[in-house]
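J.: Here is how the chains run, residue by residue.
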Amino acid sequence: MGLVEFATSPWGQTVPIHIAFYLIWVAAIGGLAFLIVHAIYVQFFAKKEEFAPSAYPAQAAANVPAKVHRHTLASRLFHWVMSVAMFALLITAFLPRVGFPFDWVTYHWIAGLVLTASIVFHIIHASFWLDFWAIWPDSIDIEDAKRRWSRATGKSAPPPRKFAKYPMENKVYHLAILLSGLSVTLTGLFMMKRVRTPLFTRNPYIFGDMTWGLMYVLHGLAGVGLIGLIMAHVYFALRPEKFAITKSMVFGSVDREHYLEHHDPERWAPTSK
Amino acid sequence: MADTNKIDDTATSLSRRTLIKGVIAAGAVSSGAYLFRTSVVRAQQSAAGSAERLVTLTVNGQQRRVDVMKQETLATTLRYKLGLTGTKLGCDRSECGACTVLVDDVPHYSCSMLTHTARGKNIVTIEGLASAEGKLHPIQQGVIDEQGFQCAFCMSGFIMATAGFLKVNPNPTRAELAHGISGNLCRCQDYDKILTAMMRGAENARKVS
Amino acid sequence: MAIIRDIMPAFELFQPANINDAVSLLDRHGSDAWVLAGGLDSFDWLKDRIKRPKVVVDLSQIAELRGVREVNGGLEIGAMTTLTEVVRHPVVKEKFSILSHGAESAASPQIRNQGTLGGNVSQDARCWYYRGGWKCYRAGGNICFADTPTAINREHAILNAERCVAVNPSDSAPALIALEAQMVIRNVKGERVVNAEDYFVGPAIDITRMTVLQPGDLLTAIRIPATWAGAQFYFEKVRDRQVWDFPLMNVASAMVVNGGNIERIRIAVNAAAATPLRLTAVEDAVRGKARNAATGEMGGKVAVTGAEPLRYNGYKIPLMRNLVKRAISGVEEAKWA
Amino acid sequence: MPAKISPNQPAYRLLGKNYETPDLVAKVTGKAKYAEDYRAEGMLFARLLLSPMPHARVRSIDASAALAMPGVKAILTVDDLPAPADAMTDLGQVIPANKLAERGLTNEPVYQGDPILAVCAVDEYTCAEAIEKIRIDYERLPHVVDPLVTLRPGSPNARVEGNVWLRPVAAPPKPGQPPPPPSAPQVQELKWTDADFAASKDGQLPMGKATDKWEYGDWEAGLKNADLVLDETFVSPNTSHQCLETRTAMAYWQNGKVYLHCSTQSTSQTVPAVARWLHMDASDVIVISEYTGGGFGSKITSSIQCIIPAVLSKKVGAPVMMRISREEEHFIGKARPSIHGRMKVGFTKDGRITAVDMFVLCESGPYDPQGDANQAGRQLSLMYQPPAMRWQGISVLTNTPPRVSQSQPGGFQGIVLMEPILSKAARKLGIDHVAIHRINAPEGKASLGPAAGGKRPYVTSAFIKEALDIGKASFHWDERKARAKRSGTKARGIGVATSCFVGGSVGFDGLFVIKPDGKVYVQSGIGNLGTESVSDCHRVTAEVLGIPWEKVEVTWGHTGRNLPWTCPSGGSQTIHAMTRAAFVAAHDAKDKLQQIAAKDLGGRAEDYEVGGERVYRKGGGGSMSLAQAAKRAIELGGIYDGHEIPKGVNKFTAASAQNLTGQGLLAIARDTMPRDGLTHSYVAGFAEVEVDLETGRYDILDYLAVADVGTVIHPRALGGQILGRSMLGIGHAVGQKWVYDQHYGLPLAKRFHHNKPPTIMEAPTKMAWEAVGLPDPETPIGARGIGEPPVGAGCMAILNALSDALGDDVFRRAPVLADTILASLEAGRPMEEGLTAHI
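Protein chains in written order, with this note's numbering: chain A, 1 to 273; chain B, 1 to 209; chain C, 1 to 337; chain D, 1 to 839.
Hints listed in this document are in silico derivations from the structure and should not be mistaken for laboratory results. Misleading hints may appear alongside valid ones.
Unchecked claim - With a Cα cut of at most 25 Å, we get these calculated PhoX-like pairs of lysine-lysine:
#1 Lys133(D) / Lys465(D)
#2 Lys335(C) / Lys766(D)
#3 Lys133(D) / Lys51(C)
Unchecked claim - Under 8 Å between C-beta atoms, here's a sample of chain D residues computed to sit facing chain C:
#4 Pro52
#5 Arg697
#6 Leu701
#7 Asp702
#8 His753
#9 Ala818
Ideal placement from N, C-alpha and C gives every residue a C-beta, glycine not left out.
Go ahead and model the full structure; you've got the sequences and the hints to work with.
T.: What follows is the structure in structure tokens.
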């Protein structure tokens, strides 16, 4: 059983056409397994998180506002628009494949366009209005990740430092979603040339059979990848210890306590707005 | 002559009578046994409850026992196993009618019927129309009377289709008969003369009965 | 793998003698099984070696699938009843003549002698890309070759196309829809009945199937209620060759006219979309109106609302408009001196 | 209207009368054997592996898995086939082989379906399984399936060598020498300019550089001085021959000879063709083809793939049957080339053509240049007698199946291009359609084509004006014309078209033996493809000898059975060429009978007459029966029983005659009778159609063909030819076509219901034929061939009737189907794509 399904092109050549659809189940089951394993680990095996003391003066902590601003309204709107689009895309993409047929194509490409638009907005917004680099792992993150790993596996290592604005997991997740999201939207945009939309003339011949095949495979792999990623994301969003962050995605800020416990004001200056 | 022992050949096409004699002899010795020898596909295993390999067919009034593959069409069996090459394969896709035979008096494209499906049914081919003494069927006589057909590759199909149609409508108009035999293609496009010959055949048949 | 055609690949053949055996065979073999009715659609797929079922279930020996029975003023037609038997059946001719006309317009005499009503309504699309073995959406691929800038698509859909632009080619289907027929489907779990217009599945819902039949399902009979018995009927098929050709379009209508007004009407066309279309908008628009040319014209215009032509099938719009018009108000016959 | 022969025809005892042909009973009883009906002990089967790509190069073939299968005997590729061979003319001149020609199999497939290899196995099921195990590595090459696309700047070429055919002009003949043979055709690249394409608007064919041209008269002045000039583009379709019998062949070897059972139009002529393909001596090739299921020009000498089972049979040492499926037939079964034509035609106001400027683009497929473009011009110049004309042509290669002549090759397309213009001119000038055809019709020794050697060639005769007059009366043209054209949703129209083509060749041999049983044993090298000329021509033998037909036995269909050198059964040569051969052989017999009678009964040979199965002294006296004369011939030997073979006959005939020596009186002669002019035949077609304006569907209500074919030999067979070939033409009008996907260069229409050959339901409700019956003055029996001209007449009578019903500008290509009519009526202008190929 391969990862990719092949077909014979009109010229008799073997070309990939899409991923093997059992990968949908692989992703879903894999995602689920991860959640279960992670939940058990956290519940029974994980040690209490310990951070290296911050250089941030203690008295300054008093100046930290009760609500530390984390996400602008624009960012939050973007996030929720994107998430709605993403769910719509996953549902329209995969439900018909697993036994719930319905008229999905139009919803799928419209959702795809919404997602694309939101991503374009996000890139521009993040580049010019936000701290663009805040979401990218830096050297400290990598160093701390090594420390955490060592400590978790019982080796001795100094405790990791508190986070900047985004915890390491958050940054890695963003990176993963960025890669899969860009893959799926870029390929998806080209694929819109293959279906009937009011936007442009249908023309599947802008690429050759092989290029298209690879594009479909990439779209599919990124798509099933997103199943797992979204499952993990929802899971973490609902975990009690991360709930503060989830709330911040709704209300825009985190509580002072949460902020002080997890974040290093040296790395993320607190503001109320 | 150089090739006498190699092929069960037709007669030298001298006179009509010697021709018939020669060709009948040729048809009689045709055996398909050697045409389907052991091969990978032949060795297919049969699942329990599936169709038997050996079937009995009633062809032109005779019981014929044949070893048949699952995917074998009636046309193949007739032509290659029973030596009845008067049934022609023009397209093998139920489009041209050259393979038309009567199955329980109804015209069918024998290229598009599994031999297994025809078990127990009464099959008549062009070879079965004339009487045992060689007296032509009225439709065959109609063709002789009108010099119907050009290359005649489609002829046996047309005659069988007409024979079947006349059993339902023995006294058709020209338009009705055309409609009745419209499942047969003639690439010489000799339709006008064919229809005339078939109408003549219908008339001959009415005189006989 | 090099391609070779015109030799059927090997398969296992079952010839069940009754419906129960057939249904349990289909259940046992699931999607490996191929249902063989008259075979005239099937053999193309098999001879082209495009479809390679492991198991073929030949229904030809099942007597209970065959024949026309009168039931409560209507008919129950076994799915394996041949088109010729349908065409010639006196009650069909007398009370439901559009079905007779529709069935008679299909294919050729020999095909009608073998092809079945069940097979005719369940047949696969005839898009030449799809049937040519091109791996399109309908074949499980991810492209419609018939809707590209260079595609030749004069026979394709003008309505309800969704990625795939193939049409349903059945000639009996619109007649059955107009007659409010119901399809009886059996599987090992039991029997279910669906309305004729719901029997067909468009590409938006399932791009690889033409009907609601799933692996394991068997269409056993087609029921025609007494509702439209003896109504005014119209059937017309337009095709390139007057025999052995699929419809460029066909239309069927059943109508009850009272005092010159259309009291009840059902109208359906085929070869306009991937499924036979019941034209409810037209029915609604003309119901209660006088049956005349103006109503016919109006109905025709309603019918083609939303039609989207491809490069080569623009003619289907006037064709559909005119056929629907005729199905409502009839043809103005020529009177040559 | 019953078929009839005009009383013009002189009365004969046998000619012009119906009779039962000797092949008929075998046909009706199913005993007639076509190539696929033969079985040989130990026979193996072969199937072809076809190219999936429109143009590619085979890098490698891995057949190991296939060859390892039990039951697989051999695989044949082009490397196992002989190279293309030069041909030799009767004069001994070498015609160099077209090195790009079809070889049967190939490593550079040039169209989808081009056979790459053949697999031989114990049965076809095994062949199929084996083929699926073969892996071929292809290098895809650029392809093009539209002849106009390949002429655009920067577009792909169908062959690596280029996209158009050129035939280098041969050096002029030296004084006293015969003209040199044609040089081998060559492929070159030719692209038109963007300006050429831009210059043509509104569906008109661009006129870029042509590769070939001829002219006569001052055509420019003719156009300038015309009262009406029409400039029209029309496209004729590519149409597969689609013989009902595919070109299946079976072969085996014995004593160094190959026995080939194949489907061929010609019997004797197939021998040298096969010998050339196999690089063998013709005496080692035996062709068996007693019955052929249609040819229409695609099987004139069978086709080259018939050598595949022959070569395979040699390789495996067993008989090999290669069955050709319908889909394979679509690929290798040949087709008529389409022609895109643009014509400027000038008319005087009374309808006489002043000049024609003709530009034709012929889509020749991937292998051979086709003569259709040139023949279209020549036949047009004959049929409509323009006093001045320029013809320009170009033969373009595309990656579509190979083309070959089809009934009325080129002539058909010429008629198709010209008739709509004539029809339009008649409407514009207010002239009756029959009248405008008559005004421009040829008469007597009418000229055709450009001058050769300072003088334009001319025909033997033409009675098309008489045909038009007969048809006009029989069809009740004027009455129909006066009728209403519209009623309800229907429109009716009437149309007439004239058509012509080559109708005979000369120079072949007759051979028969009068045996001591008093019967005449005729050896016929004519193919039996359904025209019945295989026996019809020999009616002349019986006629001349004055014997009843029942005393004639015809041997045909097997070149091992001593057949004479015979014309190819193609191009409607046969009835002309072989009645002449029969005539000279009968006269040879007559001479010999007279000489024998004189020897035995005294007096001079010329005192004797032959008739009533006897040779008798004129004015009474001694006589002897043919049986007695035959016995005497054997006793006399020498020239009488074939011990001496005359020098003039073809060596093929001589070899056959030697095997017949001593069996009776041997009649043998070559046709060396004079002929002044080129033999052509003519047909006038009349049609009435009824169109449903709401669906675009139309019916042909009535069709009449009036043929000028000289003397009628066998009325029913002639009727079959006239109406059968008319229907072939009607097929071009009402449905036949190819469909190609241009992106992939692959055919979509490979099935009958796609290509739409007409069914019996497309046939006109009423059909009839008549013959003018005036003998051709340049041949003793007066008979000309008829297989070709009905095609153009049938097609264009229908389309002209359609224009009459619907007006101009509804269609501009053939075929015309409901979609074209409906879309154009809806839009009020021609809506189909005029120039795109294969839609």
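J.: A separate judgement is required for each hint: does it hold in the structure or not?
T.: Hints versus structure:
1. Lys133(D) / Lys465(D): Violated, at about 63 Å.
2. Lys335(C) / Lys766(D): 20 Å, holds
3. Lys133(D) / Lys51(C): Within the cut-off at roughly 17 Å; holds.
4. Pro52: 6 Å, holds
5. Arg697: Cβ of arginine 697(D) sits 6 Å from chain C, so the hint holds.
6. Leu701: It is violated, given that the least Cβ distance between leucine 701(D) and chain C is near 10 Å, above 8 Å.
7. Asp702: Hint on aspartate 702(D): violated, closest Cβ of chain C at ~13 Å, above 8 Å.
8. His753: For histidine 753(D), the interface hint holds, since the closest Cβ of chain C sits about 6 Å away, which is under 8 Å.
9. Ala818: Holds, because the Cβ-Cβ distance from alanine 818(D) to chain C comes to roughly 6 Å (cut-off 8 Å).
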